[in-house]
Every structure is written in structure tokens, then in C-alpha cells.
Amino acid sequence: MSTYFTKDHEWLKVEGDVVTVGITEFAQSQLGDVVFVELPENGKTVDQDDEVAVVESVKAASEVYAPLDGEIVEGNELLVDEPAKVNEDPEGAAWFFKMKLGNAAQLEALMSEADYKAFVETL
Amino acid sequence: MTMSHKGRPTRAGEAGSPMPHQTFTGNKALDMEEPLIFEIGHMDNCGVDLDEPMDFVPHLGNHMRSEPVELPALSEPETMRHYVRMSRNNYAIDSGLYPLGSCTMKHNPRLNEKMARLPGFADIHPLQPISTVPGAFELISELADWLMELTGTNAVAMSPKAGAHGEQCGMMSIKHAIAAKGEERSIVLVPESAHGTNPATAALVGYKVVSIPAREDGTVAVEAVIEKIEAHAGQVAALMLTNPNTCGLFEPDVIEIANAIHEAGGYFYCDGANFNAIVGKAKPGDLGIDAMHINLHKTFSTPHGGGGPGSGPVVLSDRLAPYAPLPFIRKNGDELEIVETTDQLKDGEQPFGRMTAFFGQMGMYVRALSYMQSHGSDGLKQASEDAVLNANYVRVGLQDLMTLPFGVKPCMHEVLFDDSFLNDTGVSTLDFAKAMIDEGYHPMTMYFPLVVSGAMLIEPTESESRASLDLFVATMRDLVMSAKAGEKDRFEGAPFLAPRRRLDETAAARKPILKWVAPEPTKVEPELA
Ligand SMILES: Cc1ncc(COP(=O)(O)O)c(C=O)c1O
Chain A
49 MSTYFTKDHE
59 WLKVEGDVVT
69 VGITEFAQSQ
79 LGDVVFVELP
89 ENGKTVDQDD
99 EVAVVESVKA
109 ASEVYAPLDG
119 EIVEGNELLV
129 DEPAKVNEDP
139 EGAAWFFKMK
149 LGNAAQLEAL
159 MSEADYKAFV
169 ETL
Chain B
30 MTMSHKGRPT
40 RAGEAGSPMP
50 HQTFTGNKAL
60 DMEEPLIFEI
70 GHMDNCGVDL
80 DEPMDFVPHL
90 GNHMRSEPVE
100 LPALSEPETM
110 RHYVRMSRNN
120 YAIDSGLYPL
130 GSCTMKHNPR
140 LNEKMARLPG
150 FADIHPLQPI
160 STVPGAFELI
170 SELADWLMEL
180 TGTNAVAMSP
190 KAGAHGEQCG
200 MMSIKHAIAA
210 KGEERSIVLV
220 PESAHGTNPA
230 TAALVGYKVV
240 SIPAREDGTV
250 AVEAVIEKIE
260 AHAGQVAALM
270 LTNPNTCGLF
280 EPDVIEIANA
290 IHEAGGYFYC
300 DGANFNAIVG
310 KAKPGDLGID
320 AMHINLHKTF
330 STPHGGGGPG
340 SGPVVLSDRL
350 APYAPLPFIR
360 KNGDELEIVE
370 TTDQLKDGEQ
380 PFGRMTAFFG
390 QMGMYVRALS
400 YMQSHGSDGL
410 KQASEDAVLN
420 ANYVRVGLQD
430 LMTLPFGVKP
440 CMHEVLFDDS
450 FLNDTGVSTL
460 DFAKAMIDEG
470 YHPMTMYFPL
480 VVSGAMLIEP
490 TESESRASLD
500 LFVATMRDLV
510 MSAKAGEKDR
520 FEGAPFLAPR
530 RRLDETAAAR
540 KPILKWVAPE
550 PTKVEPELA
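For the record, the sequence lines run as chains A and B.
Heads up, the working numbering is the position in the first sequence plus 48, with the first residue counted as 1.
Heads up, the working numbering is the position in the second sequence plus 29, with the first residue counted as 1.
Some clues are possibly wrong.
Below 27 Å or equal to it, Euclidean Cα-Cα: the simulated DSS-like pairs (lysine-lysine) are [said to hold, decoys possible]:
(1) Lys92(A) x Lys237(B)
(2) Lys310(B) x Lys133(A)
(3) Lys55(A) x Lys165(A)
I should point out that these hints are in silico values taken from the structure, not numbers from a laboratory.
Kindly produce the complete structure, drawing on both the sequences and the hints.
Rendered as C-alpha cells:
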């Protein structure tokens with residue numbers, strides 16, 4: 049299993065051809081208390097950078113983008129009832145959605161954990 | 030005759046306690062604990078005498094209520110007191126400086142109110158015959174003329190009821206104009222600093238939003254627009270741009286941006302929420318706009334805040350004018366013709382539909398026109414100049430202590446600070462805003478626009494005197510120095526002196542209590558009964 053990060057503060061865990069996507073600890077700390085999460089529909093085909101989910105905090109509403117081309121296979125229903133989980137465990141239980149990998153080559157342009165850490169330092 | 034020799038004491042006793050005690054009522058002098066209206070009203074009270082209804086045949090069928098409405102009833106003085114007491118807990122432009130940026134909270138001249146209450150305007154019923162209200166239509170038509178003159182356009186849709194509603198009207202006109210050309214386009218470009226209603230409108234009207242990043246100086250570069258137009262060749266329906274933008278900066282590339290979007294076959298929607306900065310100075314029509322809403326409740330001083338009625342007429346370019354919604358007023362020489370239905374349409378008129386059941390917010394039209402006529406064109410221009418002057422006065426008063434995200438340079442009608450001056454103080458923008466409440470100020474807009482960290486957007490408007498601005502600046506300076514001196518206690522947990530302490534916004538959003546439920550009636554013990 050390998051983990052990647054995007055400039056939009058999303059993390060991806062790749063297991064076979066299934067990718068789990070969520071937002072990073074840094075993103076959750078910037079957003080503040082999350083009050084609402086809207087998940088994508090299962091079965092939806094998405095292109096990289098499409099807006100697929102929405103996360104709303106007391107400060108702002110933000111989009112979550114599809115980090116890769118592919119098909120949404122599952123949204124994390126837990127977040128609908130308990131959006132606070134995004135603050136508690138953003139990189140674990142509070143994953144946003146799983147998608148089927150459409151184009152593995154797109155992974156190469158993403159960041160490693162170390163790269164992402166360095167990127168956040170520059171912000 | 031005996032008399033008390035004890036005169037009426039004229040000063041407070043020496044032994045006054047330094048700590049206020051809990052009062053029996055829970056009130057603190059003028060600061061009263063006001064229960065909900067359901068808690069003070071009773072089903073068996075009545076404030077007015079109503080005759081028993083005569084026999085009648087209801088036409089409600091199975092929509093007839095089967096249970097009583099359970100509305101609380103109060104006597105007239107109880108009702109008055111309830112609302113007057115609550116109003117005292119409210120902050121209003123009538124009670125102090127209201128620096129909420131992007132909202133243009135300016136003084137509503139009382140002359141407007143006097144005019145709006147003239148019975149000939151105030152008592153019009155939306156269903157009375159049109160032939161009985163020619164004066165009202167003349168007023169709407171005159172207001173429309175002013176709006177077109179000030180914006181340099183030839184058409185205006187009057188009926189939208191707020192800025193966001195105006196955006197929808199403008200974007201629907203654009204959508205129909207595109208369809209009329211036999212085209213299909215799917216994308217609307219919106220800069221990062223836009224107000225949330227812009228992307229929301231584009232999405233509601235069925236477009237996909239593509240965001241344009243801001244350049245270093247907080248404005249939109251024409252190159253960035255062209256890049257997105259090229260990336261989505263033939264698909265861009267419109268660009269929505271606010272000018273001056275929500276960072277309080279005039280968009281210097283606006284004409285080139287308008288040209289670029291026009292060359293690509295798209296339309297330029299301008300968000301006119303910040304029109305107060307440029308009224309009488311620049312005509313948006315000259316900048317190449319195709320549609321722009323005007324928040325009468327901001328720029329033209331009709332009251333807002335607290336959910337009062339807004340009004341958001343949209344001016345339209347000649348290219349969009351044919352698609353303006355019904356109803357509208359057509360001028361045939363001096364005659365005004367009210368066009369309400371499609372069978373009244375003339376060649377070329379292709380309204381996309383209708384936004385409102387009636388003609389719009391009459392009371393706001395009266396107020397806005399009173400404001401315009403009492404100021405005159407020179408007065409409107411001066412109001413804009415003073416609004417910009419006041420914002421810059423605040424900027425200069427604070428820029429050495431607070432941080433300007435785009436460097437020290439003049440702003441338009443509002444000044445944007447970021448939170449970097451609070452770095453390492455442990456005080457956040459939210460804490461800072463709450464401490465302003467203790468000082469008797471409504472906080473500025475915070476965390477918007479999203480392009481800067483911990484944004485604080487201050488719009489003093491032209492209403493404030495120099496003395497009022499001086500006090501505001503001095504208060505802000507005192508708060509900043511206190512934060513920098515490590516006096517976190519003043520901020521954490523603020524407000525301390527407001528009727529309510531800091532509200533739990535998270536719980537309010539996650540677990541809102543939206544319905545009042547009557548408590549179980551307390552059982553009376555049999556022996557007491
Ligand atoms: C920049 C901007 N655009 C649009 C709007 C929407 O206007 P309204 O609140 O009248 O719908 C606002 C309102 O605050 C605004 O500040």
C-alpha cells in the first residue's frame with residue numbers, strides 16, 4: 049500500500065486498483081470545526097480535478113477534488129452523521145471516498161509524504 | 030408636624046459592593062433576559078377583539094386544519110415590550126459603526142423612511158388594478174433611469190429581490206442569449222476571491238465553475254483569464270467578476286478581461302455589490318459589462334441586516350436586454366406600458382421567464398430613489414469618494430500594526446487585513462473579532478475573502494465622521510497592542526460583556542434546535558389543589 053498527497057491537501061492510499069481519498073491533518077486544522085460533508089454518488093465517473101465532495105466548516109465551504117481519473121465506488125457515510133470525525137481522525141477513519149483507479153500514470157505526479165511536509169512548510 | 034429629616038441621598042453609598050450580585054429577575058438593569066414569545070404568550074390571551082366569523086363555506090377541502098394553530102397570544106403592551114427588549118440586544122447601523130466588509134452597512138437616511146411611508150406608496154396592494162397606481166410605475170421607471178444612467182447601460186431588470194437573486198437573473202439572461210444563438214456552453218469562470226454567491230449562482234443555473242487564481246497583488250490578471258478561456262475553448266459562457274473586488278481593490282485589467290471574454294463569445298457578469306466605491310466615478314457599461322446587479326440595500330442605503338427585504342435590480346447590456354424577465358415597463362414616448370404577459374411582447378423581446386410574482390420591493394424602490402434624488406449626481410459621487418477616503422483613513426490608521434496582505438497601497442471602499450500580525454500571539458481572527466464586541470463594535474467581516482489567511486475586511490462607509498473613525502482606529506490599535514503584549518485573556522473566551530458569551534458555532538451548526546417544544550405541564554399535587 050502506498051500513500052500520496054496533493055497540493056489541494058488531499059491524501060490517497062492506493063491498494064490494488066482501489067484508492068481511498070481524504071483530507072490531510074493540515075487541511076482539517078485550517079478548516080476548523082467541520083459541520084457538514086457532502087459525498088459523491090457511487091458509480092460516478094470523474095476526471096482528475098473535478099469537484100466531487102464538499103466539506104463545510106464554521107469558517108468556509110471547500111471543495112474536495114478528484115485526485116485522479118476514475119470511478120467513485122464508495123462514500124464514507126460515517127461523515128454524513130458525524131462530520132466532526134474529520135477533525136478527529138482526518139487521515140484515518142474520516143476518509144471521504146474510495147475510487148477505482150482509472151489512470152495509474154497520474155500517480156507519478158503526486159507528492160510523497162516527505163514532499164507534502166516540505167510543501168506545507170512553504171505555506 | 031413631624032417631618033423626616035433624612036433628605037434624599039444624592040450619591041452612591043460608600044459601601045457599594047464591587048461585585049455585582051445576581052439579580053432576582055436575572056436582568057441586568059437595561060440588559061434584560063427576554064424569554065421566547067412562546068414562553069410568555071398564552072393561548073387564552075387576546076390582544077385584539079375579533080368578531081366571531083360569520084357562516085361561510087370553506088374552500089380548503091382536506092387542507093382544512095384539524096387542530097388549533099397554537100400561536101401564543103399577547104396583549105399589545107406585552108408584544109411591544111417583547112420586541113423592544115429584543116431589539117436592544119441587537120447591533121444595528123443605528124446604534125454604532127458597522128464595519129462589516131462587502132456589506133456596505135451605511136446610514137439609511139430618515140428621509141427615505143418618510144417617503145416610503147407615504148400612504149400612496151406604502152398601502153399599495155400587489156393585486157390592485159394597475160390603472161390605479163400609475164405613480165408607482167412612474168417611480169419605478171424613474172429609478173430605472175437613474176440606475177441605467179449611473180451604470181452606462183440601456184436596460185435594467187428591476188424585479189430581483191437581492192444581490193444573489195440579481196445574479197441568478199443575469200446568469201439566466203446569459204444562458205438564454207447563448208441558447209438563442211444556437212450554442213451550448215458549460216463553463217463559468219469565477220475568481221478565487223469571489224463571494225460565495227457567484228459560484229453558487231453559476232452552479233444553480235447549470236454551469237460548471239472553473240476558478241481563476243488571483244495574482245500576487247490580489248487582483249485578476251487578464252493572462253489568467255485567457256489561459257482558462259483557451260483551456261476550455263468554446264465552452265466558456267461567462268466570467269463573473271466583482272469590481273472593486275472583495276479585497277477592496279479595483280481590477281486594473283477589467284477592460285482587457287471584458288474584451289477577452291467577449292472575443293471568446295462569452296459574457297461578462299459583474300458583481301456590483303461593491304458599486305458604492307465607484308458610483309459617479311466610473312460607469313460599468315464603459316468597462317464592458319453585460320450584466321451587473323445593484324444591491325439597493327447596500328449602495329443606495331435601503332435598510333438591511335436582520336433579514337429585511339433586499340432589492341437587486343440587474344442592468345443589462347444591449348446584447349442581453351431582449352432576454353430580460355417579465356414583468357417590465359416599456360416606454361412609448363411619455364407613456365409607460367406595463368408588459369406582464371407574453372402576448373404583449375414586441376419584435377425581438379424574448380424574456381427568459383419571470384423572477385417574482387409581482388413587481389419587486391416597492392418600499393425599497395421608494396427609498397433608493399429618495400436617496401438618489403436627495404443626494405443628486407454630485408452627492409452620489411461625493412458619497413463614493415468619502416467611502417473610499419474613510420476606508421483609506423482606517424487603513425493608514427492601522428497599517429503599521431496590522432498586516433495588509435498585498436502591501437501598503439491605497440484601497441477602495443474597504444480595507445483588507447490578514448492575520449499575520451497575530452502570529453505567535455495565540456489570538457485568532459475569531460478571538461479578535463469577539464473582543465471587538467466587548468468594545469461595543471460589530472466585528473468586521475472575517476475569514477472572507479478566502480484568498481488571504483484569517484481575513485479581516487473592514488468597510489466603514491461614508492456615513493462615519495472623522496471622530497467616529499478615530500475612536501474605531503484607537504480601539505483597534507488598543508486591541509492589537511493588547512494581543513501583541515500577550516494579554517490573551519482579553520480575547521480567549523470573549524465576549525465577556527455581551528448578553529451572551531461566545532456562542533458554540535459548531536454545535537449550532539451540527540445540532541441546531543429549530544423548534545420550540547412546549548414543556549410538559551407541571552402536575553399539581555392533589556393535596557395542594
Ligand atoms: C460581493 C458580494 N456579492 C454578492 C452578494 C450577495 O448579495 P445579497 O446578500 O443581496 O444576496 C454579496 C452580499 O453580501 C456580496 O458581498
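Non-conforming hints, listed in increasing numerical order
Violated hint (a single one): 2; every other hint is consistent with the structure.
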